[in-house]
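J.: In case you want the letters, here they are:
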Amino acid sequence: MTWEELKQAAEKRREEIGTFEHEVHVCTGTGCHSSRSDMVKTALDKEVKERGLEKRCRVKGVGCMGVCGAGPLVSADAGAKMFQGVTPEDAGKILDEVADDKLAPAEMRLDSKMPFFAGQVRVVRNLAGEIDPERIDDYVAAGGYDALFKAISTMSPEEVIDEITKSGLRGRGGAGFPSGLKWKTVAKAPGPKKYVICNADEGDPGAFMDRSVLESDPHCVLEGMAIAAYAVGADHGYIYCRAEYPLAIKRLKIAIKHAENLGVLGNNIGDTQFNFRVEIRLGAGAFVCGEETALIGSIEGKRGMPRPRPPFPAQSGLWGKPTLINNVETFANIAQIVQRGGGWYSSIGTEKSKGTKVFALAGRVVHTGLIEVPMGMSLRDIVFTLGGGIPDGGKFKAVQTGGPSGGCIPEQFLDMPVDYESLGAVGSIMGSGGMIIMDDTSCMVDVAKYFMDFCMSESCGKCVPCRVGTAQMHGILEKITNGEATMRDLTMLEELCEMVRSTSLCGLGQSSPNPVLTTLRYFRHEYMNHIENKDCAAGVCKVAREKKAAGIAAEVHA
Amino acid sequence: MLPTSKKISPPSDDKRWRIVDTTMRRHGYAPEALIEALHSAQETFGYLTDEALGWVAASLRVPPSKVYGVATFYNYFHMKPAGEHTCVVCTGTACYINGAGDLLKAIDETAHVKDGETTEDNRLSVLTARCLGACGLAPVVVIDEVVAGKMKPEALKERVRKLIEPATEEVGV
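Those protein sequence lines, which keep their order, are chains A and B. Following the numbering used here, the numbering of the first sequence begins with 1 at its first residue and continues without gaps. Following the numbering used here, the numbering of the second sequence begins with 1 at its first residue and continues without gaps.
These aren't lab readings, by the way, just hints derived from the structure by calculation. Note that the structure is a prediction, hence the values are computed from the model and not measured. Mixed in with the good hints, there may be bad ones.
PhoX-like mimics (lysine-lysine), calculated; alpha carbons at most 25 Å apart, straight line [to be verified]:
id : chain 1 : residue 1 : chain 2 : residue 2
1  : A       : K548      : B       : K152
2  : A       : K542      : B       : K162
3  : A       : K150      : A       : K193
4  : B       : K66       : A       : K321
Between beta-carbon pairs, the in silico distance windows are [claimed, not checked]:
id : chain 1 : residue 1 : chain 2 : residue 2 : range
5  : B       : P81       : A       : D100      : 51 to 57 Å
6  : A       : E498      : B       : A58       : 46 to 52 Å
7  : B       : E84       : A       : G394      : 53 to 59 Å
8  : A       : N261      : B       : A82       : 35 to 41 Å
For each residue, glycine too, the CB sits at the ideal point set by N, CA and C.
Go ahead and model the full structure; you've got the sequences and the hints to work with.
T.: Printed below as a string of structure tokens:
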């Protein structure tokens, strides 16, 4: 297929879609799908047929709309009308409002102008909830693969890299390494064979933006990978995806097949010399495989164990060849940067953190789901304005960012702008963008113990500080929550944190003390309460449960 | 050329071995196909049997010790058969702070089975997951492959009771 043919295909599809007066979108992401949105779609299709609206109304399965907690979701007329908690029986009410201007019951309607939506700037997720992720023509009609053809037809690989550098895009997987610099290193590395890998091993508990991107708009990731391959001189790509995401894998497989059939993946793309094919590799449930050298080991069919760097994968990666590894969200930004220019992208965000970031809001917050906001928005705006604050009149206690490698940020930093630097300054990290909001019902020592338990089980066992250190730290935290610890244990815990942080081989070990360090820094009084008063204010830990049981026993006795 | 072209015949004449063989053939019986082959074997047989591990090792020319090492390294692979029904409790952060622990307790109280165990009558296996990525619906339980969100302990007890019911009838409870 040539660029001209792509444009014609897009135009043809747009005309087809344009004949419909109304478009009704049903979310088919994992969240809504699990509350049976497929049955909602079937019911809507049936209702449209019964009312003879086939020519006026088109019902379409789309990707994630964001407010996963309110699902199943249905939207109509380009998001102007939204419905929440929809059941198959509601199909008639939705069509009443869409086609007949009869308002649906208030509890079903969702305000599409509420801050949750209005406060967002959508780049990565601009087509999520708009296109059918299982149809490539929908993506093409929305301008898809235009950026790839622009790059391979009118730009040199150097120009593409320059544009990415100019955009200021930084890796969205967590560490925030400048993407342009990474691409340049791989491009400069000698050798005819290079690889591009997309890291879709979203292991952080509480983060699900990559899953959502893959389920809602898989082609934008493939397009980003293809542009990257052209820029660095690779002809072979892998997507390393978690086996726990069956829907994402299914849609990726469909997308790759469609892209090959259309000729936007494969040999001589756009009648040029550029070849690129993509394969999927399934992860098998190991958190450490999110680390790039471990991920490479896993693709090679081995245990996912990190190795020392340098050499970095950019010089010696998959099978010893120069390899570019970026995360799903990073690749999802690429097509638009090429299309609209690096200057446009860098106009969004803060001085050092450019563009937008997708955050997954979960935990004790009114609107759980995905939001995409410009870098630099304050935590308060994210949690309270967009997220709607704490439900059931609870009191905000902390927000946990960055998963097991991140930290807990207390109330006093709510007005802090969220970017890579600010989060680092308070002891946390951006991570992949998971934000777990906690209120008074969570005990911070227990939360620290939870993450340490995670790191302890997920440690690959290769280096001693991580393998043994995490187990020792977990043991001390266990003692504290059981009410058996002394001040000496606390000192020991702090020493261990420092030792594990500075001597572990990879990021998993180095960052594993972060949840403990931040909770010690901001919630030390909770640790002291467990140690000195043998009490847990949130009533979560064993020490509090025992105290309560003892109290009841004493009463009964009296 | 290495003598790899000689195909190793499967451990039995069970036709399902062909599915695993297709996966390995697609990768040219290369050692790096190991994880893909294990995925295929587990999907086909429900868990990784000793025969499957041995055959994959021989077919891909990978030492059995390495195959065992990989199979035990990754959480996703199981070397024991699962019960008739499975119940996976997500223990991701959002589910954890929304009461995933209470859900595990509820299952234990109803079916007397803990994380990683199967009931004696083989009716129910209980597993935990690191994070299913459905945090908007926390706490999440996957019962026989179907995701159930915003789960409450009482409701889960009821679901579990139904799963194990016929067995309890048999012993006359």
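J.: Evaluate each hint against the coordinates.
T.: Do the hints match the structure? See the list:
{"no.": "1", "hint": "A:K548 with B:K152", "verdict": "23 Å, holds"}
{"no.": "2", "hint": "A:K542 with B:K162", "verdict": "31 Å, violated"}
{"no.": "3", "hint": "A:K150 with A:K193", "verdict": "24 Å, holds"}
{"no.": "4", "hint": "B:K66 with A:K321", "verdict": "24 Å, holds"}
{"no.": "5", "hint": "B:P81 with A:D100: 51 to 57 Å", "verdict": "55 Å, holds"}
{"no.": "6", "hint": "A:E498 with B:A58: 46 to 52 Å", "verdict": "48 Å, holds"}
{"no.": "7", "hint": "B:E84 with A:G394: 53 to 59 Å", "verdict": "40 Å, violated"}
{"no.": "8", "hint": "A:N261 with B:A82: 35 to 41 Å", "verdict": "38 Å, holds"}
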